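Novice: Sequence:
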Amino acid sequence: MRLLPGIIAVALLALLTGCRSRPSGVDYDQWKEALETHRATAARHVTALAGFEVDLLRTATKPEGSWVSLEFDDRGRLLIGREGPGILRLTMPRWRLGRTKVEVINNELKECRGLLWAHGSLYANANNSKGLYRLRDTTGDDQLDEVTLLRKTGGGVGHGRNSLALGPDGMIYLAHGNDVLLPDGFKPSPASTYRNYQRDQLLPCDWNRLLFNKGVLP
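Numbering (numbering that gives the first Met the number 0), first residue to last: 0 to 217.
For the record, the hints were derived by calculation from the structure and aren't laboratory data. Worth double-checking, as some hints may not be accurate.
Label pairs and their calculated CB-CB ranges [as the list claims (entries may be wrong)]:
1. N161 x L202: 19 to 27 Å
2. S191 x L55: 41 to 49 Å
3. V146 x P187: 26 to 34 Å
4. V146 x M170: 16 to 24 Å
5. T90 x T147: 23 to 31 Å
6. P187 x H158: 30 to 38 Å
7. H118 x L89: 16 to 24 Å
8. L181 x T46: 31 to 39 Å
9. A39 x T147: 30 to 38 Å
10. A190 x T36: 24 to 32 Å
11. P167 x D140: 27 to 35 Å
12. A164 x T40: 19 to 27 Å
Since we're looking at a predicted model, the values are computed, not measured. We put the beta carbon where it would ideally sit given N, CA and C, even for glycine.
Construct all of the structure, not just a fragment, from the sequences and the given hints.
Specialist: Right, dumping it as structure tokens:
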């Protein structure tokens, strides 16, 4: 038991030292190395669980931009959210040498990190459009002509609006980062982990000052 205070002191020292250290540009910018490859990672480099195989079906072309989300519609077609504006729909060929049909079904919503097909509609968590949207085909022509904003979400976009999931109760659940503010009028239950919600920090940290939540102090 006498070792416990010493362990706690060492842990706090390590935490404080790490928070004061300036972020490494080399570590943070590793993702940029992929920009010059112009091709997807080979399937042989992807580790899969026993009994599963990984095949490379398609490499994103330059006009298609960077892909940030993936979903299937009710016909088995791929829906892809781009890092820039827009959502793609890919109809994969039945045969290996067939051609993939690529359509832009929306070119307005920005950075849809979360896509979900549910209840006969496509739901999009658009990070840079800062909202949850529902897209529907109202004319029967296989085009999602109606775009409805369901919930506007304030805050930043770094640790922003991410995945969507359909729960067993039929409800749609949103996964958000700490840059997204809780909606106006939010009233948590007494048992909620957000009952004393504040946009703050426990300790000062240069990472936060440089990358996200600028101006938010402990």
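Novice: Compare the structure with the hints numbered earlier in the document and write down the numbers of the violated ones, lowest to highest.
Specialist: 6, 10
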